[in-house]
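Asks: Given next are the chains, with one letter for each unit.
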Amino acid sequence: MAATPLFLDGVSGGVVLWDDTRETNYLSRGEGNMSAEVLLQLITRGALVVIAGLTVFDFVRDRQRARLDIALMFLSLACSILSAEFAPVAGPLAPWVRTVGSLAVVAQPYLLLRLVEHFRPVPRLLRLAAQGGLMVSWVILLTVSPPLSPVATLIVIAYFGSVEAYGAVAFVRGALRSGGVSRRRMTLVAAGSGVLAGAVLLAGLPAAIPSRVINVQMAIDVLAAVAVLFYYLGFAPPAGLHRLWQLAELHDFLNGMVGRPFTSHGTETLSALCTAATRITGGYLTGAARWNEGQERFEMQASDHPVLQSVAFAPRDGSLVQAWHAHRPEALRIADSGSDEIKHIAARVGAGGLLAIPVMARGQAWGLLVVFLRRGSLFVNDDLALLTVLAEQSAVRLDYHKALAELEAANKELEAFAYSISHDLRAPLRALDGFSRIVMEEHAPGLSDDTRRYLQMIRENAVQMGRLVDDLLAFSRLSRQPLKRQWVSPADIARQALADLRPELNGRSVAVEIAELPHCEADPALLKQVFVNLLSNALKFTRHRPQATVDVGYQLAPVTGASSTAPGGVEKMPEPAAGPQSEHVYYVRDNGVGFDMQYAGKLFGVFQRLHRPEEYDGTGVGLAIVQRVVNRHGGRVWAEAAVDRGATFYFTLGGAHG
Amino acid sequence: MASVERAVEILLVEDSPHDMELTLHALRRNNITNHIKVVRDGAEALDFLFGAGAYAGRRVDDAPRVILLDLKLPKVDGLQVLQRVKGDQRTRAIPVVVLTSSREERDIVESYQLGVNSYIVKPVDFAQFTEAVRQLGLYWILLNQPPAA
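Chains G and F supply the protein sequences, listed in that same order. Heads up: the first sequence at position 463 corresponds to 463 in this note's numbering, and the numbers run straight through without jumps. Heads up: the second sequence at position 41 corresponds to 41 in this note's numbering, and the numbers run straight through without jumps.
Honestly, I wouldn't trust all of these hints.
Derived DSS-like pairs: lysine-lysine, alpha-carbon spacing no greater than 27 Å straight-line [to be verified]: (1) Lys72(F) - Lys412(G); (2) Lys75(F) - Lys86(F); (3) Lys528(G) - Lys540(G); (4) Lys412(G) - Lys402(G); (5) Lys412(G) - Lys75(F).
Source of the hints: derived by calculation from the structure; they are not laboratory data. None of the values given here were measured: they were computed from a predicted structure.
From just these sequences and the hints, can you work out the full model?
Replies: Set out below in structure tokens:
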């Protein structure tokens, strides 16, 4: 078989050399055993035809040029396969059918080159050479009737193998440059092309070295099958694989975000998104631009390249505007962007394509992610889909940033407000009290009793308001101060609190009992405030008892749900029980006037009082402070009482306890 | 008593006319009436102390025995005045008492960091206020022994 009649069969891009002596047309073949070799070929060919169908379907669904070129490339392969199958049953038309198949298959490398052009520039000379090679091959196939001479065969194979190999290398380089789902697909395509080129070269061996007959058919068949598998995964991956790749990218992206600080404007998040976008697309640079409604323009908030720093652009009626208004990610040409600024930047970096991904935050269009591409992207929908997912995740963080910034601003405002109250609200009160007093003391003889009483009322009100201001400030300061938890002895702290209240015990008969309390983790200063407030309440509301009793103690109670932390939450005391799921409940109990449980809901509100001011003084902030402190410790506070039968205030402190 | 008779014993820096009057009243009531100079903002206080502006020609070493300083002042605030006084070799020795409405921790901390001699929060209750001013006058004018001018 020194000059084996060669006929480029369609299978796998002309890999399998047609040998008239082989029965490889399945339609015309009669009954008989199907060898493994033939089965492999059948599968390979069938798969290629199916892939071609899938790529055509893809193109029909979304008419992009890249998809058209992919479909054309596979159609060329499918066409040659089908022609080989149908030739034997075509009767007198058989030679023509075979010729059409051959013409189609030699077009494949050129079509592959066209695919390469979507993501990287192809040297002009090479494109011309490929076109020339295709023309020469076509002429040979059209004019020379089979069998082809070895020289003609070599020419065709040289064209085929070299362009195919160039395509494979270009895909490898493209894969190296890109990232994300594209990278995986490009790598598979590159592998497919590489294997295919190898198979073609292998097929050319017998023609190139006529003296040595090598049976390489089986190897060629296997290579062809592998190439088709790679092509399938690369060009028409199943949806599940797609999702898997996307998830892997998302996972990487989110992992990279972990531990990044939350800055108030979300610049960190946006920068990370830009870097990821450039890496994934293999593009030049990416910027995240926020839409400024007032100025009607996009303003760059973050980017991964200094060229984009503080750039603003206002596109007019371009595809950028369309993508923005439709909230749809879009791949567009620089020329269609409708923005001189974008064109200018593209010219500076030499970008040939643009991706625009709308970023939505809190359900509103926040801005655009613009990716400047080297050229374009072969699998642009993958890039867009992946970037959209990443942009969505970034938007979640942006929302968080925004909420955080608002919170910070509100806190600052509150601080300024409290500061201003502290300074400015007290001064007029001092004047009220001071001048009333001066009048009362230094002009007493001229004053009627009523006048004196009125002046006294002015003074009392001024002083009371001063107290209110102080309490309110203390209350607001509580939420701003950091919690300094440490192991403390609540009994010691309660005793200190009682010592501070000693003046209130003067002339009274009060039995205060402070039990030994289990140690706990708490902020000592704040816990003391809790005891001061509860004890001073207990002392206040037992004022009219001839023999007042105040007990400070604790119980062990099973841990209940957090539902009872609602303000003013009042609940029944659970039965004491020891166990791993139990916590210490501290209480302050008195035998004072108590209160009606139906008003218990108002107990812990700021400025809420259950008694008339002339009965018991106070500002109504004390219990609100108690609740704030307890809540900040992760604990709960509630009360039990009955009118004239005393009150008990319970609280827990959450966290570890002894 | 002080070895040198000073022109001004107390420099009161206070922008609120009512607080000024109450302070003067409290001082008067406690028989501290002589040589009180009132300035109404931080800039005027610095002019007075360093002999500038309207007080050009006034000698810096003719220092008051004590400065009663409000913190919230127009133009130059109290903390800035404190910083200038304690940062200057010539005025560093003058005792400065911050007399303010602010109970804010950061005001207190910053004042002490700047070298204030005493920090007093003006009480709303006039009786307490009078008592505070009395003790203040007693201590800084009568008990405290300043270096010879």
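Asks: Are the hints correct? Go through all of them and say.
Replies: Status of each hint after checking the structure:
At most 27 Å may separate the alpha-carbon atoms for a hinted pair to count; lysine 72(F) and lysine 412(G) meet this at roughly 19 Å. Restraint check for lysine 75(F) and lysine 86(F): satisfied, since their Cα atoms lie roughly 19 Å apart, inside the 27 Å limit. For the hint linking lysine 528(G) to lysine 540(G), the alpha-carbon distance of about 18 Å falls within 27 Å, and the restraint holds. Restraint check for lysine 412(G) and lysine 402(G): the C-alpha separation of about 15 Å stays at or below 27 Å, so the hint holds.
For the hint linking lysine 412(G) to lysine 75(F), the alpha-carbon distance of about 23 Å falls within 27 Å, and the restraint holds.
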